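If you read the protein sequences in the order shown, they are chains A and B.
So the first sequence is numbered by this note's numbering: it starts at 1 and just counts up by one.
So the second sequence is numbered by this note's numbering: it starts at 1001 and just counts up by one.
Wrong hints could be hidden among the right ones.
Heads up, incomplete: computed chain B residues facing chain A, CB under 10 Å, no partners named [as the list claims (entries may be wrong)]: (1) Cys1103; (2) Ser1105; (3) Phe1110; (4) His1114; (5) Gly1122; (6) Val1138; (7) Gly1149; (8) Met1151.
Worth flagging that the hints you see were computed from the coordinates, not collected in a lab.
All values derive from a computational prediction rather than experimental measurement.
Backbone N, C-alpha and C define an ideal beta-carbon position, used for all residues, glycine too.
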Amino acid sequence: MATGTGLDKLQQKLPKQYIDVGIAEQHAVTLAAGLACEGMRPVAAIYSTFLQRAFDQIVHDVCIQNLPVFFCLDRAGIVGADGPTHQGMYDIAYLRCIPNMVLMAPKDEAELQQMMVTGVEYTQGPIAMRYPRGNGYGVPLMEEGWEALPIGKAEILRNGDDLLLLGYGSMVYPALQTAEILSEHGIEATVINARFAKPLDTELIVPLARKVKRVITLEEGCLMGGFGSAVAEALLDHDILVPLTRIGVPDQLVDHATPEQSWADLGLTPPQIADRILQVFGPQPIAVG
Amino acid sequence: MHLSELTHPNQLHGLSIQQLKQIALQIREKHLETVATYGGHLGPGLGVVELTLGLYQTLDLDRDKVIWDVGHQAYPHKLITGRYNNFSTLRQKSGVAGYLKRCESQFDHFGAGHASTSISAGLGMALARDLKGEKFKVVSVIGDGALTGGMALEAINHAGHMPKTNLLVVLNDNEMSISPNVGAIPRYLNKIRLSPPMQFLTDNLEEQVKNLPFVGGTLPPEITRIKEGMKRLAVPKVGAVFEELGFTYMGPIDGHNLEELIATFHLAHQHPGPVLVHVATVKGKGYAIAEQDQVGYHAQSPLQSGNWQGHAL
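Using the sequences and the hints, build the whole thing.
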């Protein structure tokens, strides 16, 4: 199974550090737990859709024992032609509810490099990174600066007073593009790259939500229990009752299509997202100065 | 030595069979007394008293690691790893847990509660050991019920593919899960249990060879090699499926016979690669009512009288 996850390259360079278990997700996860017990730093590379098969092993063998296993979830989000059996829709929801688990998603390929370092260096417990099928958002890769990111810290990418746009993983750049479209309509958004769905950076998000008073979340995964749910829960827990719109995949199956077709069907392209936000705002509520 | 003086399992080293039997009796008494008063799992633990003692006598528990599947059969393990004195807190708030917990004892190497995880976890530890160049034994104990869970078969599939990775799997075969087992694998195990044990077969062959007039008392090297070959030929009769999957199969052995257990575990430790020792046990062993009603006495609520009088061991 080396080629599916792209691990064939690692296998060639570090053959002793590569363990192939065949099609056996449950065993792979508990094997990783056993390795972690002995002080190794296992990285379990499994598609989002296939990790579903090892849910109890994640709970029972990894999270209950708080073992440092690094899960790399390939093909998270819309997968395209493989259809509903292979969509990586549920990982945020099914991992977020388990104590001890840390969840992160990179906005682009350079941040994926940083998150690889973050995941490998994090030894306090389990941590998972999700990333999309095919390519991430292409940017020049890091030559240096391979430091771990601080756990649970988001970054502000753009400032604006009218709207708070919180993007997770593959939806961060679409959030920025959406903000540009909105700007043409006189709406200025603050855009945040959440980086972590758990722990959520409430220190950053809560005061901003209180100030800006309108929040939109963007994710490429199921809305129920997902990243937007995490933000909604955090705001409720802090007694912040502001309008919140969650954008992602509603409670429906996503059939096979090209990813572009699926995004369009689900209203996940920046022009569609901008349209939806403009409708929420009503006819031009903001005076352009 | 009394069970209460046993705070480290390595204290079992050097005890005679007779002394081990005494410890076994005391484990059963403590086990029954505790479960009668506080409730808990009964049959699973009673079935593995000798298995636990025999296995632990052949290991150095400061280095070697035993991974128990499920954990509800680990009360004997708990009683000889420093938890005798507070065993009356079993399954109560802040007390001794009913299953295994890494944070509870240095001898609980892998937490469990659900079935079928021990071979995967053990193999992970064995691979880590070899990567680090360390030397210790890893033993995964799994029940025949847990062996029907898919993950155990995934782990056997992987372990059987790693001929250089030393791993001992002890199959605790009591012919039961919580209820009677379902399926083709338990049926196969039953078939094995009814077969004549492999070891005795080869021992007889050795005796026969020794008695040949031109061989005499000691076996020449060629014959020793042939004997080894015969053993390999003889095995598939009983453990064919495990042998075909890459394991060295030993058994079936009587899980309540300490001599047989200890001798077989010593032999198993000398074998390279994955080894499976098939141990036939009786769930609820030593407590007649539990032996007869293995489903009803899998787990037990506290008895109203708080003791087992009239239910003699």
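- List in ascending order the numbers of the hints, as given earlier, that are violated by the structure. 2
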